[in-house]
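The residues making up each chain are set out below.
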Amino acid sequence: MLERAEIVREKYLRHDKKFPHVWCPGCGNGIAMGAILRAIHTMGLSKNEVVMASGIGCSGRMPTYVDFNTIHTTHGRALTFSTGIKLANPDLTVLTVMGDGDATAIGGNHFIHAARRNLDLTAIIINNSIYGMTGGQYSPTTPFGSISTTSVYGHVEHAFSIAELAATAGASFVARSTVYHATHLEDMLKLAIAKKGFSVMEVISNCHVQYGKKNKLGGAVEMLNSYKDNAVKVEKAAKMTPEELEGKITIGVLADVDKPVSTEVYRRVVEEARVKAEIITKEKEKNGVKRYEE
Amino acid sequence: MAIDEKQNKILLQGNEAIVAGALAAGCNFFAGYPITPASEISELLSVKLPEFGGTFIQMEDEIASIGAILGASLAGAKAMTATSGPGFSLMQENLGYGCIAEVPCVIVNVMRGGPSTGLPTSVSQGDVQMARWGTHGDHPIIVMAVSSVADCFSITVKAFNLSEKYRIPVIILSDEVVAHTRESVVLPEEDSIRVFDRVKPDVPPEWYKPYADNNRGVPDMANFGDGYRHHVTGLVHDENGYPTQNGKEVDAFLRRIHGKISKGFNEIQVTKTYLMEDADVCVIAYGSVARSALRAVRDARANGVKAGLVQLITLFPFPRKTVDAYLRQCRAAVVPEMNMGQIVREVSRVNQTDCRIVKHNRIDGHLITPDEILKHLTTV
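Residue numbers (the working numbering), protein chains in the order written: chain A, 1 to 294; chain B, 1001 to 1380.
If you're looking for bench data, these hints aren't it; they were derived computationally from the structure. Quick caveat, the model's predicted, so the values are computed rather than measured. Incorrect hints may appear among the rest.
As the list claims (entries may be wrong) - Below are the DMTMM-like pairs computed for lysine to aspartate or glutamate, each with C-alpha atoms no more than 20 Å apart in a straight line:
#, chain 1, residue 1, chain 2, residue 2
1, A, Lys282, B, Glu1189
2, A, Lys47, A, Glu186
3, A, Lys11, B, Asp1226
4, B, Lys1009, A, Glu49
5, A, Lys286, B, Glu1189
6, A, Lys284, B, Glu1189
7, A, Lys282, B, Glu1190
8, B, Lys1200, B, Glu1183
9, A, Lys284, B, Glu1206
10, A, Lys286, B, Glu1190
11, B, Lys1200, A, Glu49
12, A, Lys17, B, Asp1238
13, A, Lys11, B, Glu1206
14, B, Lys1165, B, Glu1206
15, A, Lys17, B, Glu1206
16, A, Lys47, B, Asp1226
17, A, Lys276, B, Glu1043
18, A, Lys282, B, Glu1051
Please model the entire structure based on the sequences and the hints provided.
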C-alpha cells in the first residue's frame, strides 16, 4: 500500500508545479484526488490518454497538480469543454472534476444535459455542501436549516440529491462514496471510469472550515467520523425504511444501465455519411464540381 | 443550392457560403444552439460535417456551444459556432476563456436587432462594439465583417487561418441581410485555397513550455492526446501554463497576448476600396451597408461628386493606418451604420485631420438604402 502510494505520488503529481496546493489542512479534496490517481494507476491508463477537466472552486484546482492533459475551465462549464474534447478525440479518457455548486447550480443545465446525452464521460462531483472557496455561501446541496454566510438564520431551501438527479437525468452509471471510505471510493471510481457512457461519481466530502465550523460539526476528523458512522451500503439501505435512512449516506452503485453511448453511435453516423458522400463525390468529380459546393 | 455546372457558378445564401468556407478551411467541429437568423449554418453543417468525417453537436445553450468548441479545439479540431445577438451575449464568458487560454476558434454572429430579444429577425449592426469588448477584462480579439456571399466564403477561410495562426477566437460579424441574400458566386478552386494549421511543438515533450514566448508571440500548440501533457487555465498563467500572481509574469503574459495581434496587424487588417484614387469624399462602411454604399458612390460619381468607398472587413483591431490615410485624402467621410454609431467612434478616434465625419444611423430594422447615403454625398 505504501509502495503504491509512493509510485502514485511520483508518477502522477506534477513536480514542476509550484506546490503547496491551495487546499486547507484536512480538506477532503486531497483524498478524492488520491483515490482518482490510484484508480487510474490500477486501471493501467496511459497518462497521455487521460484528460482531467475542472470548473471553478476548490475542486477546480485539482487538474493543476496532476500530470495528465489538464484543463481548468470556467465556472460550471467543465462538462461542455469535456464534451468537445471527447467528440474531437474519442480515444481520450475524459474525467471532469466539479464541486456541488459548480456542477449543480451554475452548471446544473450542462450537468443534466450531459447525463441525458450519454457521451462516454466521467463526472466526479466532490460534494461538500458549501461554496468553500468564496467563503462559505449556501450551495444547492446545503441541507435545510444549515448555517452559511448567506443563510445565517438557517437555510430555508431544500438540497439536491446529486446522485438521484443524475440517475433521473439519464446517466448510465451513478455511484456515491465519501472521503472517509477511501478504498471504497477508489473501487467506485474504477467502475465509473470503466463504464461506457456518462458516469457520475458523487464524493461526499468535508469542508470543516466553511461548513463544519458554522454548523458545529467539528473539524476534519469529526466530520470524517460522521461519514463512517452514517454511511450505509446501498444493499443494506434497500432493506431500510425512509425513517431509518434519515440522516444516512447511501454509498455504492446507485444506477448502472446499458444504453447506446452517443459518442459511439455518432461514430457510426459519420462512417455511413462518409460512404454515401464518397459515392456522390465520385459522381460529381466526373462533372467537375468541387466537394464543398453542395 | 442550385449549381450551374458549365460556369461553375453556384447560387448560395450567405449562411451557406459560411458553411462552404468553413469546410474549405478544414473546419471539422461545430457546436451550436438554434437561433434565427443563424440556424441554416447549424442545419447545413449537421449534414455536411459527418460527410467530411467531422462532428456536429447541438448543445443545450450557447454557453455550452462555445465551451464545446473550445474543448474540441484543444483536442485538435478546427471548431466553429454560429449564433445571433442573444446567443452571442451568452458566449461572452467563454469567449474570454478562448482569449486567455489562446484557443483557436471561429464564432459567427449573424446580427439581428437588439437589445435583448429585440427585433427577431430584422437586420442590424448593433453588436459591433460588443464583439470587441463584450467579454470582461482587457483582451485581444479579431472581428471581421462580411458584406456579400462571396465574402462569407473567403472571410470564413481567412478567419480560420487567423485563429489558427494567432491562437485567438475570431468573430465573423454577418447580418440578417447578408445571411439570407442569395447570390450566384464562383467559389475558388479547392487547391487555390490557402489553409493555415496551428504550429505544433517539435521539441521533446519534457522541454515543451505551452505558453512560452517566441518571435511571433504565439506559443506552439500541442493538442490534448499528442503526448505533450500540459495545463490549460482561464487564470493568468506563466509559460508552463500554471496560475501565477507574480506581477512580472502577469504583465509579460498580458502584454504578449496583446502584442501578438499588433505584430500581425498588417496581415490581420483587411479593407477593400472602390473608386478611392481621386476621391475627395468617402463612405466608410461594412457589412450589408457596404453594398448600398457602393451603389451610392457610383450614383454620386454620375452626379459629378468625386466619391469613393472604404469597406472595412477587419473591424478589430481597427485598421487605423488605412482609414487615417483616406481621412487625410478626403474633406468628408460618411459613416452609415445600422446602429446608433459604433464604428464611427473608431473613425473619429483615428481622425487627425479636419476631415468632416458624418454619421448616418438607421435602427428601424431595415437596410440603409443607397439613396440615404447618396443624399449625404451630394450635400457634404
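Taking the hints in turn, this is what the structure says about them:
no.: 1; hint: A:Lys282 with B:Glu1189; result: holds, 17 Å
no.: 2; hint: A:Lys47 with A:Glu186; result: holds, 18 Å
no.: 3; hint: A:Lys11 with B:Asp1226; result: holds, 19 Å
no.: 4; hint: B:Lys1009 with A:Glu49; result: violated, 46 Å
no.: 5; hint: A:Lys286 with B:Glu1189; result: holds, 15 Å
no.: 6; hint: A:Lys284 with B:Glu1189; result: holds, 14 Å
no.: 7; hint: A:Lys282 with B:Glu1190; result: holds, 16 Å
no.: 8; hint: B:Lys1200 with B:Glu1183; result: violated, 39 Å
no.: 9; hint: A:Lys284 with B:Glu1206; result: violated, 48 Å
no.: 10; hint: A:Lys286 with B:Glu1190; result: holds, 16 Å
no.: 11; hint: B:Lys1200 with A:Glu49; result: holds, 18 Å
no.: 12; hint: A:Lys17 with B:Asp1238; result: holds, 11 Å
no.: 13; hint: A:Lys11 with B:Glu1206; result: holds, 14 Å
no.: 14; hint: B:Lys1165 with B:Glu1206; result: violated, 24 Å
no.: 15; hint: A:Lys17 with B:Glu1206; result: holds, 13 Å
no.: 16; hint: A:Lys47 with B:Asp1226; result: holds, 11 Å
no.: 17; hint: A:Lys276 with B:Glu1043; result: holds, 18 Å
no.: 18; hint: A:Lys282 with B:Glu1051; result: holds, 13 Å
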